[in-house]
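Trainee: Below are the chains, spelled out letter by letter.
2 protein chains.
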Amino acid sequence: MRDFANESRYPMIPMEKAIEIILEIVRPLHPVSIARDELLGHVLAEDVRAEENMPPFATSHMDGYAVVATDDSKRRRVLGEQDAGAQLDVTVRQGTAVRIMTGAPLPPGADAIIPVEETTETDGYVSLPGAVPEGQWVHPVGQDYAVGDLIIPKGSVVGPPEIGLLANLGRSDLLAYPKPRVAVIATGDEIVAADETPGPGQIRDGNSYALCAAIRETGAIAQRVNRIVDNRRALYEAILEAVSETSVVVTSGGVSMGTRDLVKPVLAELGTVHFGRVAVKPGKPLTLATIKGTIVFGLPGFPVSSLVSFENFVRPALRVMMGHRALWRPEVTAYLRHDIAHKPDRTEFQRAVIRQKNGGTWWATTTGSQVSSRLRSLMGANALLRIPR
Amino acid sequence: MRDFANESRYPMIPMEKAIEIILEIVRPLHPVSIARDELLGHVLAEDVRAEENMPPFATSHMDGYAVVATDDSKRRRVLGEQDAGAQLDVTVRQGTAVRIMTGAPLPPGADAIIPVEETTETDGYVSLPGAVPEGQWVHPVGQDYAVGDLIIPKGSVVGPPEIGLLANLGRSDLLAYPKPRVAVIATGDEIVAADETPGPGQIRDGNSYALCAAIRETGAIAQRVNRIVDNRRALYEAILEAVSETSVVVTSGGVSMGTRDLVKPVLAELGTVHFGRVAVKPGKPLTLATIKGTIVFGLPGFPVSSLVSFENFVRPALRVMMGHRALWRPEVTAYLRHDIAHKPDRTEFQRAVIRQKNGGTWWATTTGSQVSSRLRSLMGANALLRIPR
Numbered sequence: 027m028r029d030f031a032n033e034s035r036y037p038m039i040p041m042e043k044a045i046e047i048i049l050e051i052v053r054p055l056h057p058v059s060i061a062r063d064e065l066l067g068h069v070l071a072e073d074v075r076a077e078e079n080m081p082p083f084a085t086s087h088m089d090g091y092a093v094v095a096t097d098d099s100k101r102r103r104v105l106g107e108q109d110a111g112a113q114l115d116v117t118v119r120q121g122t123a124v125r126i127m128t129g130a131p132l133p134p135g136a137d138a139i140i141p142v143e144e145t146t147e148t149d150g151y152v153s154l155p156g157a158v159p160e161g162q163w164v165h166p167v168g169q170d171y172a173v174g175d176l177i178i179p180k181g182s183v184v185g186p187p188e189i190g191l192l193a194n195l196g197r198s199d200l201l202a203y204p205k206p207r208v209a210v211i212a213t214g215d216e217i218v219a220a221d222e223t224p225g226p227g228q229i230r231d232g233n234s235y236a237l238c239a240a241i242r243e244t245g246a247i248a249q250r251v252n253r254i255v256d257n258r259r260a261l262y263e264a265i266l267e268a269v270s271e272t273s274v275v276v277t278s279g280g281v282s283m284g285t286r287d288l289v290k291p292v293l294a295e296l297g298t299v300h301f302g303r304v305a306v307k308p309g310k311p312l313t314l315a316t317i318k319g320t321i322v323f324g325l326p327g328f329p330v331s332s333l334v335s336f337e338n339f340v341r342p343a344l345r346v347m348m349g350h351r352a353l354w355r356p357e358v359t360a361y362l363r364h365d366i367a368h369k370p371d372r373t374e375f376q377r378a379v380i381r382q383k384n385g386g387t388w389w390a391t392t393t394g395s396q397v398s399s400r401l402r403s404l405m406g407a408n409a410l411l412r413i414p415r
Numbered sequence: 027m028r029d030f031a032n033e034s035r036y037p038m039i040p041m042e043k044a045i046e047i048i049l050e051i052v053r054p055l056h057p058v059s060i061a062r063d064e065l066l067g068h069v070l071a072e073d074v075r076a077e078e079n080m081p082p083f084a085t086s087h088m089d090g091y092a093v094v095a096t097d098d099s100k101r102r103r104v105l106g107e108q109d110a111g112a113q114l115d116v117t118v119r120q121g122t123a124v125r126i127m128t129g130a131p132l133p134p135g136a137d138a139i140i141p142v143e144e145t146t147e148t149d150g151y152v153s154l155p156g157a158v159p160e161g162q163w164v165h166p167v168g169q170d171y172a173v174g175d176l177i178i179p180k181g182s183v184v185g186p187p188e189i190g191l192l193a194n195l196g197r198s199d200l201l202a203y204p205k206p207r208v209a210v211i212a213t214g215d216e217i218v219a220a221d222e223t224p225g226p227g228q229i230r231d232g233n234s235y236a237l238c239a240a241i242r243e244t245g246a247i248a249q250r251v252n253r254i255v256d257n258r259r260a261l262y263e264a265i266l267e268a269v270s271e272t273s274v275v276v277t278s279g280g281v282s283m284g285t286r287d288l289v290k291p292v293l294a295e296l297g298t299v300h301f302g303r304v305a306v307k308p309g310k311p312l313t314l315a316t317i318k319g320t321i322v323f324g325l326p327g328f329p330v331s332s333l334v335s336f337e338n339f340v341r342p343a344l345r346v347m348m349g350h351r352a353l354w355r356p357e358v359t360a361y362l363r364h365d366i367a368h369k370p371d372r373t374e375f376q377r378a379v380i381r382q383k384n385g386g387t388w389w390a391t392t393t394g395s396q397v398s399s400r401l402r403s404l405m406g407a408n409a410l411l412r413i414p415r
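Sequence lines, in order, name chains F and D. Going by the numbering used here, the first residue of the first sequence is number 27, and it counts up by one from there. Going by the numbering used here, the first residue of the second sequence is number 27, and it counts up by one from there.
A few of these clues could be false.
Same chains, same label: a pair holds when it works inside one copy or across any pair of copies.
[Unchecked claim] Here are the simulated SDA-like pairs of lysine to any residue, each with C-alpha atoms no more than 25 Å apart in a straight line:
1) Lys383 - Arg355
2) Lys310 - Gly67
3) Lys383 - Gly121
4) Lys310 - Gln396
5) Lys383 - Pro414
For the record, the hints were derived by calculation from the structure and aren't laboratory data.
Kindly generate the complete structure, drawing on both the sequences and the hints.
Mentor: In structure tokens:
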């Protein structure tokens, strides 16, 4: 028989302190060159500047007639048609006009567009209102951007508009932060993989699957170690192998105080444990270590504790690694629709549904029993209520 | 020379009417069987019920001692250790206790747990406080869920907790709505692909790339037709080919009133045009057609018009096809930090940054010039301001 460890050797630290330590240790990954078609959701690690003007030539913003703005004749000879994507070889002068399509380059001499709706064309002549303001319905050269303009600053998250701009600029292969590779290791004698049949006293693991999904949702690459680790030797080897291949390792279970709770001693043997207990509920036994430059999070084994700890501590760390400046989900102050139980010694997170009343105040209802084994308390929840210490 | 079509044959309809028509036509895709590891983000098309109890046996919620709750002796003989994942062959009676680990099954006879912190063990005997409430620190059979319970209702979006529950249940291959395949066709003589060099009067296309990114961000599969279509025959064939292979076709450009604006006549020739003009800015020439059961959106060619029309009309349609009930992004009422120009004849969408003041009211600042060619007006924006007609 082994001994219970009756007292944790790790002091309990406040949640704020734990996050401070994480943010001191975690650094953005080294930027790599990523093709434009793979860039969606990545954070750029270089400034993107224009190497040409947009538009590169003055263009018409309307279907209509290209004219000399100061020309006040009401009837003009039509010299031809200027389509988009070509350049007609005529010059517009007083008394003449060129039919023009949206997006087409202005013919030489023209400096305004009269929209087709204000005109009538018959027998090669067009009737129109007369003089118009210079530049009317014209996109001048460089209106959208000019050579040298900073188009997408370093640190931007690449979304659809940025992808469009990069295509406009003819740019691909940009320096950006890669997606961290994250290994997930489930521990525990009582669990088997989801596709196995549990023996007596066993249940199927859900945590490693839920954590992999949460990692993917965060934008990182999840790699489930397809083996449940249930003794010290196996855990030591699984972590050692995982740290050599990934930027982050997440373990699930084995961090409380039972005789089988092996994660903390193995982490301490392999590297440096930065903290081993946090004053937060759920998630008290949360552990952070570094081993050969890889960050290791020891998450608790109860399903809710595991996912809520991921949300509070691992997700912001992954976002730092991916180059994000915005680490946190939006936060609002909400009123409670009912009383809740709360012990004031830890920062507590309860799963809740929040709704806004008429675009104004937010109201929260918790999702039933908040016992930390009950994964169902996360279903349908759209918020975590933070209840201060 | 061809004629301008001076009047659109399509009546201008209000935005609300356009959305009503879209929602009448678009239906969820036929559900298919999807493996658990691929389910993240999909909407379930079947109810998931429990086929077993969770926990399947009563378990300890703490490291400690399994005892008879009513036993009031202060010192008891320790019969052995009950680890998680096994089943010890002893029965707990008055005067005895079994060491037990978190997650381990309760030994026969035991009906409460005394946490290790409240005990001292020496020489095979444990000192503890005496009688405790029945069920203390015990997870009874079926506490999380019981056989037959509805665990994940049809229509749920699969997130990390649902993935965890499906793993717990040993379920894979669930009926869910697939991702629609969406073809994107760029039109226009003036554009070339992003990796080509523009000739005189030409620019590189950005729209089809931005739209593909927006489609992927919505969770659908984007397929860029790698060919710019610039004449009626080519457009006819490209659309015909695309509708045979995809659930949705999105064209960009070619829907205003110039002589080269070929999309509407080709759509009318191939199928049914449901509307061809909408009172919305940007996006007036937006067109909806159905061809052999495939939905076709004709989006305007200006980059901003194209992406904003996607957001307002195509994204909700794709969400319907993917089985979502929540079609719209969150909406709040915001105050303007400055005056804006607005013509009251169309519902207008301006790109803006909105921020919340102290968890209360929202304030909006538009992102500079709102001209619809200026893709940069979308960058950094976190909201579209809807300005009513």
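Trainee: Now tell me, hint by hint, if it's right for this structure.
Mentor: Hint check results:
no.	hint	verdict
1	Lys383 - Arg355	both (20 Å within a copy, 16 Å between copies)
2	Lys310 - Gly67	neither (32 Å within a copy, 30 Å between copies)
3	Lys383 - Gly121	neither (63 Å within a copy, 58 Å between copies)
4	Lys310 - Gln396	within (15 Å within a copy, 50 Å between copies)
5	Lys383 - Pro414	both (24 Å within a copy, 21 Å between copies)
The earlier numbered hints that this structure contradicts are 2 and 3.
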